[in-house]
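If you want the building blocks of each chain, they are given just below.
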Amino acid sequence: MNKRFMSILIPILFFYAQNCFTNDEPVKFKNILQEEQYYNLLEEVRCLVCQNQSLADSNAPLAQDLRNEIYEMVNSKKNNNEILDFLVKRYGDFVLYRPPLKKNTWLLWFGPFLILIIAISIGIIVIKKQIGDK
Amino acid sequence: MIRYLLPLTIFLGITVLFIYGLQNDPRYIPSPLINQSAPEFNLPTLHEPELNIKMDTLKGKVSLLNVWASWCAACRIEHPILNNAVRNYDIKLYGLNYKDSRSEALIWLKDLGNPYIESAYDKDGVVGIDYGVYGVPETFIIDKQGIIRYKHIGPINNEQFDNIIMPMIRNLEEEK
Amino acid sequence: MIPELGHFTLILALAMAFIQSSFPLVGATIANQTFMALARPVARLQFFFVVISFFILVYSFLINDFSISYIANNSNTLLPWYYRFSAVWGAHEGSLLLWVLILNIWTIAVTYFSRGLPEYFVARVIGVMGLISAGFLLFMLFTSNPFERIFPIPLDGADLNPLLQDIGLIIHPPILYMGYVGFSVAFSFAIAALLDSNLDTTWARWSRPWTLLAWIFLTLGIALGSWWAYYELGWGGWWFWDPVENASFMPWLIGTALIHSLAATDKRGIFKNWTLLLSICAFALSLLGTFLVRSGVITSVHAFATDPTRGIFILLLLGVFVGGSLVLYAFRAPTIKAGGKFKLLSRETFLLLNSILFLVAMLTVLLGTIYPLIIEALNLGKISVGAPYFNAVFVPIMSPLVVFLGLGVITKWKQDNLFQLLIKLRYLLISTLFIGITIVLVFFENHQLKTSMGIIAALWISLTTFYSFYLRLQNKKNKLAAMLIIPRSYYGMLLAHLGFSVCIVGITITSNHSVDIHERMKIGDTIEFSNYQFNLRDLKEISGPNYKATEAIVDVKKNETLITTLRSQKRIYTVRDMPMTEAGIDAGFTRDIYMSLGEPLDTESWSVRLYHKPFVRWIWLGSILMAIGGLLAILDKRYRTAKQRKKSIIVNNEVVS
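Protein chains in written order, with the numbering used here: chain B, 2 to 135; chain Y, 192 to 367; chain W, 74 to 730.
If you are wondering where the hints come from, they were derived from the structure by calculation, not from laboratory data. In this text the structure is predicted, and so the values were computed from the model without any measurement. Glycine included, each C-beta is placed from N, C-alpha and C at the ideal position. Check before you lean on any hint, since a few could be wrong.
Unchecked claim - Calculated pairs, DSS-like style, for lysine-lysine (alpha carbon to alpha carbon, straight line, at most 27 Å): (1) K416/W / K485/W; (2) K455/W / K129/B; (3) K104/B / K245/Y; (4) K710/W / K485/W; (5) K129/B / K485/W; (6) K29/B / K630/W; (7) K550/W / K710/W; (8) K29/B / K710/W; (9) K104/B / K455/W; (10) K245/Y / K342/Y; (11) K31/B / K595/W; (12) K335/Y / K79/B; (13) K335/Y / K90/B.
As the list claims (entries may be wrong) - Beyond 10 Å from chain B on every Cβ pair, some chain Y residues (computed): (14) K290; (15) V324; (16) K335.
Said to hold, decoys possible - Among chain W residues calculated to face chain B with C-beta under 10 Å, some are: (17) Y304; (18) W308; (19) I429; (20) V458; (21) A465.
Produce the entire structure from the sequences given, and follow the hints as far as they go.
This is the structure we're talking about:
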């Protein structure tokens, strides 16, 4: 039924039992490109504690730490690939909300279009067939 | 009739998948660090801030690295098991005190006993990030060459210690 | 004693459900009038018992009976009475009871509004609904009894999740469930039709108003959920592609295909097989949603406790209902004769193509939702599939749907002339592109490509819709009289399609042109953002019935004139010690200004987030228009009285044959 019970409640009782208030200090960038890069990245990364939130939305302390790391990396002019690589090395592909195109995600990325082509072709064949049999 | 069976086939496929899915824990995330060199660190020790402990210290013998904190309720459940383990077995157990207050961590060890040879003090959780820590407590088994061979997330119970952790340590010790 | 009474009436309801499903179904097969006649009274009796049980749970919540474990976990003496009421469906057990109650509401509606239908058909419909009810009552009694006692009795309860302490959560679940569960009626009609030895298209006409009504509720339910997430979660998002959202979106996609396909089956006697399959599919997806949410197979923000036996039980129900009906379908579908013929260039073609596209869209959402599960089951690792994936894949799949929709409404039934169609299209296409591109160039500076695609799509839908209206009136002398003759369902279609384009405008502009900032503010500070000045006038400490809060009062000015005053709160719910943000929103037709108070940074400063969200209201406005469109279609004279219905069936059959 209802939707998001924010996971700050569910992090299984033993993980992060501490209810800590995150340091919510606004971050500032020197240029707008870096700011965009930073906020876009936060949307792409899944928080490991509140597992159904992106880093942008999560209040978990670990999310705050990771935001800081990403902030530092963006500031030191690392590109998106380098930053996401840093995270994947530590937490695995799980942190990426946009799964990378690999052998095991081939079906995920191309499947919908494959289904689209097959389904539309079947539809057209069925229509043509019913025109034919009189 | 074959094409009318297609919906049923797809449905059965999905159902089989769900039966598998019910047996997995969706929150468990395998670590990409398994069989990789344990990330280097150089941190002050918990007891003596001016002394440092490095990853190299752990090499040479199979060791356990346990990530803990005094604010972590589950660590309190796990602690007696670790105390027992070091009493009963010859294991090298190190601690990584994660995002904690030094004074509270010290009181915690004083009250509950200190099973660790040494605890590294990771105040800002930087080393924690390098180790991909996301749910305290976590325990790593690191072999003689300093390679992470196993990671346990959440508190270890007695059964897991005897049936998973200890056999793994024994096996690794037999490696050259 | 009272909770035991609630438990007992559930058992009685189960007994009724068994009678309701067995006798009428058997009776319809062996033509036993007495057995069939049992359907209505027993269904009403079951409804009666479920209602008693439900009100006992409500009553126990209102009197704070913490000896019931469910209440102890989800309520508190400090909780205001209206939230104690809505807490009934705040977690797994109670929401399951709501599920069963709503199924019974639909069943009882069927018993009253089915007088013109043949007795054996009604017996089957009610019988199938009884089976579903029995399944869920068994599930509840075996794994999720809401009346279970605990001992020792706690002095106070653990409180309702603060996120649910909100007006949106009082109304969202019942409405959503009305939609979800409402598809059980379409499902039962389809099963009854499949069990019928001479299957024609009359069932489609009977099923249509029910299916439309369920679809209306589902549309409103999803829109409400999205609106609630928008204001309650405090970061201005309105759709997250969370598994639970997907669980409600998938039946909606199929339901939308279904209402169109049903219309074609009803009017033209075509797509019978396909409509039956969609009817089964829509309800199957409702059940699948229930499984995903309650089994713990997928991590979701949803906190329904996860107990493996529950997962197995729902999977079993899913297997019985969906598996069983698909087996029945596989046997019966090949014997169903195709209806009226149509050429490749006809409205039927576009209807069918769009129906297929909705199915593909649903399969895409399903694939994304369960893909992590597939990968893990095959031991290929652990991945996440989130909003960036869905946004990337969903839009290209939906684009041809928009094109076909426009073509469909201006194409004739059976067959059309390509040349004539191209002539009609000429001005439509040019004006759509011209207006669309002009709007984007004049009003938007960035993301022009994406924005123009959305705007053009919306314009295409609305212009073709208006054009079809024009075509209908074109050759009529007295336009006004002609407008009155046009059936309501046609107006419903117009309105729903316009609603869809309004939705697209909202989604396109909000997604591409929302801006936000995150700032540190203390009393007296002014921030310039998006051509507005935000002045933090005051910070107030407030204490509510079960929370403490800090409220920020911000005056919003534009060119020195006061536009509005926003109030946003940071609350701490004391029982669970959980922080919540109450956003301050100034809603407008073309933009929302949205403020959410962050955390205190030092003794006098707070972090504050400000959002400017253009056209966000259009998303919900469009949904409401779609729902009203559906309502108009239900009110069509076509479904009025039994006599008229029979007459028109005969007429319809003649047309078809």
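Structure-based check of all given hints:
no. : hint            : in the structure
1   : K416/W / K485/W : holds, 10 Å
2   : K455/W / K129/B : violated, 44 Å
3   : K104/B / K245/Y : violated, 38 Å
4   : K710/W / K485/W : holds, 23 Å
5   : K129/B / K485/W : holds, 18 Å
6   : K29/B / K630/W  : holds, 25 Å
7   : K550/W / K710/W : holds, 24 Å
8   : K29/B / K710/W  : violated, 62 Å
9   : K104/B / K455/W : holds, 13 Å
10  : K245/Y / K342/Y : holds, 20 Å
11  : K31/B / K595/W  : holds, 23 Å
12  : K335/Y / K79/B  : violated, 34 Å
13  : K335/Y / K90/B  : holds, 22 Å
14  : K290            : violated, 7 Å
15  : V324            : violated, 8 Å
16  : K335            : holds, 23 Å
17  : Y304            : violated, 13 Å
18  : W308            : holds, 6 Å
19  : I429            : holds, 5 Å
20  : V458            : holds, 6 Å
21  : A465            : holds, 7 Å
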